[in-house]
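The primary structure of each chain is shown beneath.
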Amino acid sequence: MPEPRPHRDEDEPLFQPILRTGPGFYLAALILLSIVAWGVWGYSHQWRYGLGVTGLNRPVMWGFYIVNFVFFIGISHAGTLISAILRLVQAEWRRPITRAAEVITVLVLFFGVGSIIIDLGRPDRFFNVIRYGRLQSPLLWDVTSITTYLTASVVYLYLPLIPDIALLRDRVPGWRRGLYNVLALGWSGTAQQQRRLHVGIAIMAVIVIPIAVSVHTVVSWVFAMTIQPMWKSTIFGPYFVVGAIFSGIAALIIAMALMRRVYRLEGYLKTIHFSNLGTLLLVMSFLWLYFTFAEHLTTYYGGEPTEMAAFWARITGPYAHFFWAMAILNFVIPVAILCRRRTRTVVGTVIASASVSVGMWLERFIIVVPTLVNPRLPYPRGVYYPTWVEVSITAAAFSLFTLLYMVFTKLFPIISIWEIQEGREKGLQEVQDRMKSYLPGEEGPVLVPGSVRGKGGWRRWFR
Amino acid sequence: MVPLKMTGRQEAPPLRYAVPILFVLFAAGVIYWMIYELRLAWERNDSWGFTVVIASILIPIFLLFVGLAIYVFWGIAASAGPGRGPEGR
Numbered sequence: 000m001p002e003p004r005p006h007r008d009e010d011e012p013l014f015q016p017i018l019r020t021g022p023g024f025y026l027a028a029l030i031l032l033s034i035v036a037w038g039v040w041g042y043s044h045q046w047r048y049g050l051g052v053t054g055l056n057r058p059v060m061w062g063f064y065i066v067n068f069v070f071f072i073g074i075s076h077a078g079t080l081i082s083a084i085l086r087l088v089q090a091e092w093r094r095p096i097t098r099a100a101e102v103i104t105v106l107v108l109f110f111g112v113g114s115i116i117i118d119l120g121r122p123d124r125f126f127n128v129i130r131y132g133r134l135q136s137p138l139l140w141d142v143t144s145i146t147t148y149l150t151a152s153v154v155y156l157y158l159p160l161i162p163d164i165a166l167l168r169d170r171v172p173g174w175r176r177g178l179y180n181v182l183a184l185g186w187s188g189t190a191q192q193q194r195r196l197h198v199g200i201a202i203m204a205v206i207v208i209p210i211a212v213s214v215h216t217v218v219s220w221v222f223a224m225t226i227q228p229m230w231k232s233t234i235f236g237p238y239f240v241v242g243a244i245f246s247g248i249a250a251l252i253i254a255m256a257l258m259r260r261v262y263r264l265e266g267y268l269k270t271i272h273f274s275n276l277g278t279l280l281l282v283m284s285f286l287w288l289y290f291t292f293a294e295h296l297t298t299y300y301g302g303e304p305t306e307m308a309a310f311w312a313r314i315t316g317p318y319a320h321f322f323w324a325m326a327i328l329n330f331v332i333p334v335a336i337l338c339r340r341r342t343r344t345v346v347g348t349v350i351a352s353a354s355v356s357v358g359m360w361l362e363r364f365i366i367v368v369p370t371l372v373n374p375r376l377p378y379p380r381g382v383y384y385p386t387w388v389e390v391s392i393t394a395a396a397f398s399l400f401t402l403l404y405m406v407f408t409k410l411f412p413i414i415s416i417w418e419i420q421e422g423r424e425k426g427l428q429e430v431q432d433r434m435k436s437y438l439p440g441e442e443g444p445v446l447v448p449g450s451v452r453g454k455g456g457w458r459r460w461f462r
Numbered sequence: 000m001v002p003l004k005m006t007g008r009q010e011a012p013p014l015r016y017a018v019p020i021l022f023v024l025f026a027a028g029v030i031y032w033m034i035y036e037l038r039l040a041w042e043r044n045d046s047w048g049f050t051v052v053i054a055s056i057l058i059p060i061f062l063l064f065v066g067l068a069i070y071v072f073w074g075i076a077a078s079a080g081p082g083r084g085p086e087g088r
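Heads up: the protein sequence lines correspond to chains A and B, in order.
For the first sequence, position 440 (counting from the first letter as 1) is numbered 439 according to numbering that gives the first Met the number 0, and the numbering increases by one without interruption.
For the second sequence, position 64 (counting from the first letter as 1) is numbered 63 according to numbering that gives the first Met the number 0, and the numbering increases by one without interruption.
So that you can see chain B by itself, here it is in the shape it has in the complex (with noise of 0.2 angstroms):
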């Protein structure tokens, strides 16, 4: 990536956080949902095995966007702020 020069203002706000949180938090609740699912298919013996296979797929993929979500919106954050040197800390 070609480095785009900032001008020196740019602010590193404690809200910055907020993106990687919120996003963090959707994909629980949507695992959550998931694990919600599977407990309400179980409970009634109701299309157990279309749960089964469809929260293999979902509670992995969601998963995976968690650990995105946390080494790259959270390490991006992490390691802003004004001071930093141009290779970072």
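The following block holds chain A by itself, in its conformation from the complex (with noise of 0.2 angstroms):
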């Protein structure tokens, strides 16, 4: 095992958001409170008076808050599924990148379970669940499939923390470090330890990709399950699970882009990791516009009146400005901006991905609400406005998001010191040998993580 190294001069800036706290900081703090408490507020009268003060009524009972829930679990794939492939495919741009993409999942899950306790005006029921939880629901599927998520990506979040947060524990006085005392668990950077971490890591980073396919996929079964007309398709678990991995991409583009300049961290947050990720959210793009396609085709063609009547809802209905709107901003403005190389910089990046994550959340509007006014039983047929509550509870629901983010960056580094300089010291050799064992030749050692052929097996991998 080489001797112990310093850690770098260079990686300072890594240090300076926990070390410093600017004027900006409690700045931007201070009106997402303000835009938190007003949403406090709303809900303070949702509570007081029930759910009559939202627009849900009948047949509309879901609303902002169940789009707010599919829209929050959705972008939670950016952190933890993207993080986690990155990882096993050995992506060396990953480095940067990762911790930003994992926070985000674990903040956002939170917001998604919120949002459903908010929705059931009594929240005191939510243990019922607990108590007399029936699994023949999907709803109930939910809980055990999020809770499952959740436990992971935050297991996933804070293995890679450790040895960062064992530099904090070290480096930074006052109450934070009896924190990093507790949570560094001791960490001293023993061969022992470092041994022990990465095969959590490399456990987890095969665990998570199905556990967060599954998730999605169980959330798209909420609706998949009943017969409402354009709910109840085959292909909603796919089309969920990719509409999940296109916002995730989105948000975390725009995270990286606030944390790059806001902190200064343009030495790591580099135009190659925007342009790289940009590639990626084209590619989804177009998945996204395949999916609708399929999805809307095979409604039309069928032509089953109920079936239609959402359809129409959303082509040309009181829903049409929505859906269109939806197609420009998640299909037409992307790929105009991510087919070509020359906009695709951080500035075009972070457009598109804007675009992206209001066109993901107004599809989630499209699925869920025009179906509900025009079901297939014969209520009478309803419009749905959301009121000014739900429309300040989702405003302080974004913003506390916001805020946490934030509160995180100034505890913990968004970009893993020790992967930045793991890639410095090791990556550039590994590569090299990676490299010349795709190269034609005789077979050498497979260098591919979590493969069990060659000598050592999976043990060389970890060591």
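Do not take every clue at face value.
Label-pair ranges, simulated between beta-carbon atoms [stated by the list, open to error]:
1. A:Ala190 - B:Arg43: 49 to 55 angstroms
2. A:Ala28 - B:Tyr35: 50 to 56 angstroms
3. B:Arg43 - A:Tyr378: 28 to 34 angstroms
4. B:Pro59 - A:Asn127: 25 to 31 angstroms
5. A:His295 - B:Pro59: 21 to 27 angstroms
6. A:Leu410 - B:Asp45: 32 to 38 angstroms
7. A:Pro122 - B:Arg43: 56 to 62 angstroms
8. A:Asn56 - B:Asp45: 29 to 35 angstroms
9. B:Arg43 - A:Lys231: 27 to 33 angstroms
Sample of chain A residues lacking proximity to chain B, with all beta carbon distances greater than 10 angstroms (derived) [as the list claims (entries may be wrong)]:
10. Leu26
11. Arg133
12. Gln135
13. Leu158
Partial selection, computed: residues in chain A whose CB lies under 7 angstroms from chain B [to be verified]:
14. Leu134
15. Ile145
16. Thr147
17. Val181
18. Gln191
19. His295
20. Thr297
Just so you know, the hints here were simulated from the structure itself, not pulled from any lab data.
For every residue, glycine included, the Cβ atom is placed at its ideal position computed from N, Cα and C.
Fit chain to chain and form the complex, with the hints in mind.
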């Protein structure tokens, strides 16, 4: 094992957000807190007077809150899934972006769950799920899958944080040192500790992918297990997963751009990172279009009257402006920007991502509301307009998420310091060795992570 | 992993075991809930098939989490402490 090396001065910018806090942070926090306070007031109004203060009514029983739930759970695919895939394929450019992505996952999952509790109207009844839950209901499937995903995501975020927390423990004075002392688990970088950490990260990177895919599939089943028009679809699972990864990448790009700008991390979050993620976003945009087209074409070709009512409500009816705005924001704008290398810059990818974020929220709205306005059963048709309460709570949720993300960057490095250093020390050599193993010639040791072939088996990989 | 140098001031308080203990308790709580759901479904003869399928997925996953917590979190915490050499003991 090589001798321990001190962290380099060149990584000092990664400590700066934790060591120094400027007035801009407090100003931003104050503005966000004000919006959160307004949302809390809105929720207290709903608590006192019930769901009657919202726009929810027969037959539209799901509105903004469920749209937010699906949107937040979708965004959560930013982190763990993208980070795990990039880790498994040993994409070296992942190093500065994985943590920013993993934090998004953990935080938005809480907001996804929170949206459901707010939608309950009587939040105390949430405990009935624990006490009298019937696992025949897809809603209970959601509870179990989101619990699993949240647990896995927290572990997957925490594991690579441990060495960085130990660094902070040794640098940061004050009350935070006590927190770091506990969370660092006594990390001192011994060979045994490193081996265990690498095993943990490798196992979690494999486990978290099927869990993440299953979560949004289960979210889609909340809709697809009903016989409501345009919900009962066999492709809803993959359709939702694609949309989730799509919106997740967009959220990640926006978060990265903000961190880069605010904390002056241009040396770490480079144009190439945005360009690579922009390419991924472009691919997902085409995939999203494919699924959306397939979904609408099969409905149109079938021509079933109740399905067509929901279909026309989207295409030419009262929700047409949302539908076409969604199509422009999710496909036309991002593709126009991202298909050319010249415009796939930091600014270009951020504009495309902002467009996709709004577009994907509209997509969730388009899935939920027009169907409920045109139900299969012969209820009277209705119209859904959100009230100030729903708009306030939604604004508060997004503000609180942003605020918590900011607070995280003040407590922990938003870029993994040890992974950056590892990239510098070993990355080049590893990539060279890997390249050699791809080229024609004698069969060398297999350097692909997770492989059990070759001398030494999987243990060699963790060494 | 590139070993990061610690300043030597690192402390290894007993509270470092709090994270693995809390995590194991949480995972055990979820497993207990699933067993409770199984019992509920059996007693009421209600949605037994669904409960068995979900429990057979969820319980092994959380058992794996428990194992991971013990191996990684507890293992790291147990091999910590001042006076340990770079290779650990």
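**Message:** Hint by hint, where does the structure go against what was stated? Just the numbers, ascending.
**Reply:** 2, 5, 6, 7, 11, 12, 13, 15, 19 and 20
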